[in-house]
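Residues 1 to 280 in the numbering used here are what the sequence shown lists, from first letter to last.
Keep in mind that the hints are not guaranteed to be accurate.
As the list claims (entries may be wrong) - The calculated label-pair distances, taken between Cβ atoms and stated as ranges, are:
{"no.": "1", "residue 1": "Lys49", "residue 2": "Asp245", "range": "11 to 21 Å"}
{"no.": "2", "residue 1": "Glu52", "residue 2": "Leu151", "range": "42 to 52 Å"}
{"no.": "3", "residue 1": "Lys182", "residue 2": "Asp105", "range": "45 to 55 Å"}
{"no.": "4", "residue 1": "Asp83", "residue 2": "Glu249", "range": "51 to 61 Å"}
Don't read these hints as lab results, they were simulated from the structure.
Even for Gly, the Cβ is constructed at its ideal location relative to N, Cα and C.
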Amino acid sequence: MNIKISEKAGFCFGVKRAMGLAWRELCEEHDKQIYALGPLIHNKQAVEKYEERGLVTADDIEEIPSDVKMIIRSHGVSKSIYDRADEKELEVVDTTCPFVKKIHDIVKENYDKGKKIILIGDKNHPEVIGINGWCNNSAIIIKTIDEAKELELDPEVDYCSVAQTTMNLEVYGNMVDILKQKSDKIDFNNTICSSTKARQEAARELASEMDCMVVIGGKHSSNTQKLVGICKEVCPTFAIETRDDLDVEEIKKYENVGITAGASTPDWIIDDIIEYLKSL
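Kindly produce the complete structure, drawing on both the sequences and the hints.
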């Protein structure tokens, strides 16, 4: 079996930064309990390591007691969360990805100018929920080309468009073309992060050279699922979280196996799967 790993696989800059900041907090000596508002990243195995170190994960800020430390994860949160944290006298450790923070700034600035926000992304994803919170939860949120086609825009209204950082680049481009036909008063901001673009392009290129692809990452990770979709367009693809998810008998049928991984996938999981594949 010939195994080749994508040049762009594993932790992106934002996730690596967030995980490093969180781990540093857990390793420091202090008398405050540390909570994370939502899972630090969409990788169960990595989150479990942090919880073993003492991190407590809460799904809602109201579950977090006053006067403790609260980590805001890399996905970012709405303005109302910061306001509530102040009210509860929480010490905030903000690990929001700088690329996401930039979108917050764009949205708030344009919303304050009176523009209507169009947000291209998954309305149920924490990053999108957080972004929407910087325009008083008033954004028009669309995820698919069909939704873009069905969208009706007011010709008298000024719009500002932003995108979830992990959007599929090709889908985003098609949606922008559709929106341009509906209004000439849209200020488009391509906020898909450079890491996502490079990761998707590298995955597509590798998939074209391989007999099959293995995509490693959390089942709830948006950027991982985008990679799965891209690779499936090119060749047979296995989507796994750990080596236990591998269909061994099926993957043995392939000689050239490509590997890529989502932005929330730690190196130790990737290395473990590579070593396992080599042992086959």
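Evaluation of the provided hints:
With their beta carbons about 19 Å apart, lysine 49 and aspartate 245 fall inside the hinted range of 11 to 21 Å. A C-beta distance of roughly 46 Å is found between glutamate 52 and leucine 151, which places it inside the suggested range of 42 to 52 Å. Here the CB-CB span from lysine 182 to aspartate 105 is close to 26 Å, at odds with the stated 45 to 55 Å. For the pair aspartate 83 and glutamate 249, the supplied restraint of 51 to 61 Å holds, since their beta-carbon distance comes to about 54 Å.
Of the numbered hints given earlier, the model fails hint 3 alone.
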